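Q: Chains as they are written, first to last, in full-length UniProt numbering: chain A, 1 to 339; chain B, 1 to 339; chain C, 1 to 339; chain D, 1 to 339.
If you are wondering where the hints come from, they were derived from the structure by calculation, not from laboratory data.
Hints are not guaranteed to be accurate.
The list makes no distinction among identical chains, and a pair is therefore deemed to hold if it is satisfied within one copy or across any two copies.
What the hints assert, rightly or not - Heads up, simulated EDC-like pairs for lysine to aspartate or glutamate below, C-alpha to C-alpha not over 20 Å straight-line: (1) LYS78 with ASP121; (2) LYS44 with GLU304; (3) LYS202 with ASP83; (4) LYS44 with ASP309; (5) LYS334 with ASP324; (6) LYS76 with GLU304; (7) LYS59 with ASP37; (8) LYS118 with GLU156; (9) LYS55 with ASP8; (10) LYS91 with ASP66; (11) LYS27 with ASP83; (12) LYS55 with GLU30; (13) LYS78 with ASP60; (14) LYS74 with GLU216; (15) LYS118 with GLU107.
Quantities reported herein were computed from a predicted structural model and do not represent experimental measurements.
4 protein chains.
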Amino acid sequence: MIIQLQEDISDKQRESLLAEVINIGYKTTEVKTQLGDYIIGIGKKEFDIRKIGKKEGIKDIHIVSDEYKLVSKKWKAKPTSIDLGNGVFIKDGDMAIIAGPCSIESEDQIRKVIKHLKENDIKMMRGGVFKPRSSPYAFRGLGIDGLKLWYDLASEAGIKIVTEVMQVSQIEEMYPYTDIYQVGARNTQNFNLLDELGKVDKAVMIKRGISGTIEELLQSAEYVFSGGNEKLILCERGIRTYERASRNTLDLNAVPILKAKSHLPVIVDPSHGIGIRAYVPQMALAGVMAGADGIIYETHEIPEKAYSDGQQTLDFTQSALLADWIRKTFAMRKTFDLV
Amino acid sequence: MIIQLQEDISDKQRESLLAEVINIGYKTTEVKTQLGDYIIGIGKKEFDIRKIGKKEGIKDIHIVSDEYKLVSKKWKAKPTSIDLGNGVFIKDGDMAIIAGPCSIESEDQIRKVIKHLKENDIKMMRGGVFKPRSSPYAFRGLGIDGLKLWYDLASEAGIKIVTEVMQVSQIEEMYPYTDIYQVGARNTQNFNLLDELGKVDKAVMIKRGISGTIEELLQSAEYVFSGGNEKLILCERGIRTYERASRNTLDLNAVPILKAKSHLPVIVDPSHGIGIRAYVPQMALAGVMAGADGIIYETHEIPEKAYSDGQQTLDFTQSALLADWIRKTFAMRKTFDLV
Amino acid sequence: MIIQLQEDISDKQRESLLAEVINIGYKTTEVKTQLGDYIIGIGKKEFDIRKIGKKEGIKDIHIVSDEYKLVSKKWKAKPTSIDLGNGVFIKDGDMAIIAGPCSIESEDQIRKVIKHLKENDIKMMRGGVFKPRSSPYAFRGLGIDGLKLWYDLASEAGIKIVTEVMQVSQIEEMYPYTDIYQVGARNTQNFNLLDELGKVDKAVMIKRGISGTIEELLQSAEYVFSGGNEKLILCERGIRTYERASRNTLDLNAVPILKAKSHLPVIVDPSHGIGIRAYVPQMALAGVMAGADGIIYETHEIPEKAYSDGQQTLDFTQSALLADWIRKTFAMRKTFDLV
Amino acid sequence: MIIQLQEDISDKQRESLLAEVINIGYKTTEVKTQLGDYIIGIGKKEFDIRKIGKKEGIKDIHIVSDEYKLVSKKWKAKPTSIDLGNGVFIKDGDMAIIAGPCSIESEDQIRKVIKHLKENDIKMMRGGVFKPRSSPYAFRGLGIDGLKLWYDLASEAGIKIVTEVMQVSQIEEMYPYTDIYQVGARNTQNFNLLDELGKVDKAVMIKRGISGTIEELLQSAEYVFSGGNEKLILCERGIRTYERASRNTLDLNAVPILKAKSHLPVIVDPSHGIGIRAYVPQMALAGVMAGADGIIYETHEIPEKAYSDGQQTLDFTQSALLADWIRKTFAMRKTFDLV
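This is chain A alone, in the form it adopts within the complex (with noise of 0.2 Å):
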């Protein structure tokens, strides 16, 4: 069950609440977060809701049966909007565009994207810093200094930077020059790392794990929740099967299961979905028909000379293109009345 609480709500109004929930025999756990306080209960016990909803300081009480409870649409229909400052949103009824190369390279290449970005109307980047890598000894990205000059170029140019953090002791050092953080693909079950996102006050887009569960992604998203932060994007982006001719197998059935299921906006990665240059527009546009809130992609002015990902990498024609291609797609969606 989730209770949320009223903001005035007194030490002893709460004390109460939560004896009377572990009364009824359930676990409890105070969630608070930048927008609300929570108490959730865990249990099986049936009980009667009526009982604790007219106790002192309660806004509302839902009962939530699935694994994950705050980040459901069951007790939230109305869905999350990330505030990214600037006029800059990621939400349900937008469609948030974010482009950048795999890995940041130098400052040239940073000014070149940012310049292409402007001029396509894209006001959020990708980008690596730090890369994780299945060998120790391939190129691991520019680290925190790269870092640091990348959002300063770009927050100077109004753009909002995404990129991946890899450990906990990157948390803080990364705080200052990072608009949303990226929970990568064989990060979605690092629970320590989500737990310390919880503690913080900037976005958190978690990608799907190599081979996690849509429910798994969602119980990832409730560790960061619980933890208190609930600016929170889920990602699609490709899901390990036994098919060999495309990277990975992008699991565009997750888009509406994700947004049925949940009030958090989703997007979807084409690149690493397909890892194939060519069909990177043709998935993009199926994700947004699927019913995506955002497409993330990579792009370079030059794909074939990228660190990493070339040979899934749009060229600066190739991405203007597409923006394009997926804000017209987006305009009819929303002429059709899908669920």
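We have chain A already, so just place chains B, C and D on it with the hints.
A: Positioned in the frame of chain A, the structure of chains B, C and D alone reads:
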């Protein structure tokens, strides 16, 4: 290698040609389809293609290194167009809509579906009369009598039908009463069935196997083509993965990949692909944007009362809306310069 | 529900019984096998089993809630023993060894394998004469003539043979020349083939599908049993997963699970299960310890020259060692008190 | 390429050597472990190995084309032996048995398990104090205090312990109280954690990822080794597939493949591998026959009352039997001439 023969090739020229190919150390297969005669040469040794190419009786010669040959785009860049008669086509550059129930149930049901299709200008109807069921105790379809009844009503209304053939012995009895034979996902590698369908002059739609690869789907099509039948359609209908939130994982990546590898038209089945009625429209439209040449979906007057697959079947109101959205989405896609 | 009928049940008693079951609201299927007559009732309504149980003509009555019924251990706790004649059995409490080449190639090859089997007291031989191949241009086996030759030589030597049947039309022509029909992994859900094998009085070994579930394997066996043939053997041969370091993923978990769910014997195929010659012995012995009632593996005088599957085929020296190790491991397993 | 350095190499010799490798166009990584100093060269250009090989300060030089290098058998054919002190080893040619509860729960529980282990001559104990849980509301373990208590009791009894480390910050606090750090299946690609474990002089057991490949497991081990720690153990614990009848699909194919590719010892975890108590013994013995150097399984005085994983945990009677069977099976395996 694929050698396309001239129509007026003499027996002597043909024999000389075969001898030449065998002489290189290649195994030959002679293929005669509705549209032409071919010699397929299988082998690994390098050879001088000009030596064969200048022989008499040859229209064209191509090196195709893929495991599949005749269905490859490497020798036939022009997309294959399936002409079903009466101005009904399945082809690249067009959008085929195929709708109908999972199972053919009764004359009344057939009439109602046909009326719905006519009202929405849908020219192809799907339906099962031989049903593959994992349990031997489940409903197995109305059989050949149901097919006759259905075919008569459909052809009277100018509607083309597609229905599953489950075994070799059914091919002949179904022949007068079907427009497109469907090979189901459990029979994609039923090689005897594919062989026999090669001998028939009617279109064949091959569904991707339950956990079939893209490569295997193309090889299954190669079976039918090399048996003598070029009228082939490929269908992506979802694959089996670890994810349990949807019936299957609709692999839309397969659409641009199949279109790039083969000259055959590609159809998407969102009904089986996600298995949840409310999300069938989104996935259908995603399929259109991914590059499909057609959409096949399930519709029934009262889905809750359907003999099978009701949970993924649209009612007629939803179906009418979806057909309209599919057409609008396809019209927009054509304005984009997608590969 | 499964109702076992008395051998001397009268037509009147049978009709009365059917009427009673239909009266509950259950669909009935009458099954007549080599060993008995059964009525299967399918439905969901609860009913008083005693009311049916006390009717005349009944030997026993069982509630079986699984999707599969007749192959379930819930009504038949006693393991099924497959008697192949001449003292050759496949059964729980015994260890069947089946060895032979992937493809039957020639009389000379057959004679050499038979000699090897005799020297090592191996009483069952595997081999393919109809080969399912993903490419239409690959070697498809010697066909029925190869089978006749092989069967004659094998039966003369007192060796029982198991070979794949690919389509309904082959069942009858193969009948005089086979001891065990094998249903291959691509045909596990070829329901027509399963239906027809139910009408035959010879043993059938069903391989698990390429990506078939344990449940589906049992349902495929149910098809044959409900068609009238109780002589069934299940075979685990590896499943398709994302892992590429082995040909398939041998799922030995399936062995104890199948043994617990069904009364049918379970065989393990380590050759296809891992696909790498050097590791076939380990996986065979692992299969024995997992609880298999038999091992089927590939052997050839000169594996490198085998027409197919050479990379996973043992030579005769390796095969002789393996047969010995299998027997020793099985003898030890019997001293353990495993479920 | 891997260059093993002589212990008495001079700084000048080292610099000259690095310069030579860089000169070929290779990227170099210097590795210093407990057992030696290495230079790893990564690149694709061909070069004359003799030219480097004859330089001073070199003990040996090897070309290793795999993505992983230091963990490969290609340069170190001799199996790695993990010496835990007091005569306890994990190594090829030996059979390590590691048993204990899923979670460490209380002093009483620890004492009972230790008593059981001592009675059965089991020298290693498993247990979790930091528990990765997919839901933030589940029991997360006793933490560092539980570890201290456990370690004291275990070391007093001469028992070595293995326990999961979930994040970098725990490495140091756990150090005095653990014998083997376990990297869990959700952290197999937590590269920062792997990096940091490279700096520690204690054994590390890396579990295969939830859907990790064999290749990825070896690369994760490469991270730790290249970070400076050679004391590595690999663990197969089941992978995620579509099959739902078992918790995971225990991939015993991985055992001989890992043993062939790497010099590191390989452990099998049948408890997580199948997830059903009744079948854990069979799968453990199958693991022994597949070639494992050890078995890790869950045991608890009263499995039904365990805080976690009770359904796959053996009671002490079952555990005692299993330990005996493992030893007998291993003794028999040693008499076979398996690769």
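Q: With reference to the structure, classify each hint as holding or not holding.
A: Outcome of the hint check:
1. Taking the shortest alpha-carbon separations for LYS78 and ASP121, neither the intra-copy value of 28 Å nor the inter-copy value of 38 Å comes in at or below 20 Å.
2. Taking identical chains as interchangeable, the C-alpha atoms of LYS44 and GLU304 lie at most 20 Å apart only when they sit on different chains, with a minimum of 18 Å there against 56 Å within one chain.
3. In this assembly of identical chains, LYS202 and ASP83 lie within 20 Å of each other by CA distance solely inside one copy; the values are 10 Å within and 46 Å between copies.
4. Taking the shortest alpha-carbon separations for LYS44 and ASP309, only the inter-copy value of 19 Å comes in at or below 20 Å, while the best intra-copy value is 47 Å.
5. In the homo-oligomer, the alpha carbons of LYS334 and ASP324 lie at most 20 Å apart both inside one protomer (16 Å) and across protomers (14 Å), since each shortest distance falls under that limit.
6. For the homomeric pair LYS76 and GLU304, neither the shortest alpha-carbon distance inside one copy (45 Å) nor that between copies (29 Å) is at most 20 Å.
7. In this assembly of identical chains, LYS59 and ASP37 lie within 20 Å of each other by CA distance solely inside one copy; the values are 10 Å within and 64 Å between copies.
8. In this assembly of identical chains, LYS118 and GLU156 lie within 20 Å of each other by CA distance solely inside one copy; the values are 12 Å within and 58 Å between copies.
9. In the homo-oligomer, the alpha carbons of LYS55 and ASP8 lie at most 20 Å apart inside one protomer (14 Å), although the nearest pairing across protomers, at 72 Å, exceeds that limit.
10. For the homomeric pair LYS91 and ASP66, neither the shortest alpha-carbon distance inside one copy (23 Å) nor that between copies (45 Å) is at most 20 Å.
11. When the C-alpha separation of LYS27 and ASP83 is checked against a cutoff of 20 Å, the pair qualifies neither within a copy, at 33 Å, nor between copies, at 44 Å.
12. For the identical chains of this complex, LYS55 and GLU30 are intra-copy neighbours only, at 17 Å inside a copy versus 62 Å across copies, given an alpha-carbon limit of 20 Å.
13. Only within a single protomer do LYS78 and ASP60 lie at most 20 Å apart by alpha-carbon distance; the minimum there is 14 Å, versus 58 Å between protomers.
14. Taking CA atoms no more than 20 Å apart as the test, LYS74 paired with GLU216 passes inside one copy only; the shortest distance there is 17 Å, against 35 Å between copies.
15. Taking the shortest Cα distances, LYS118 and GLU107 sit within 20 Å of each other inside one copy (16 Å), while across copies they are farther apart (61 Å).
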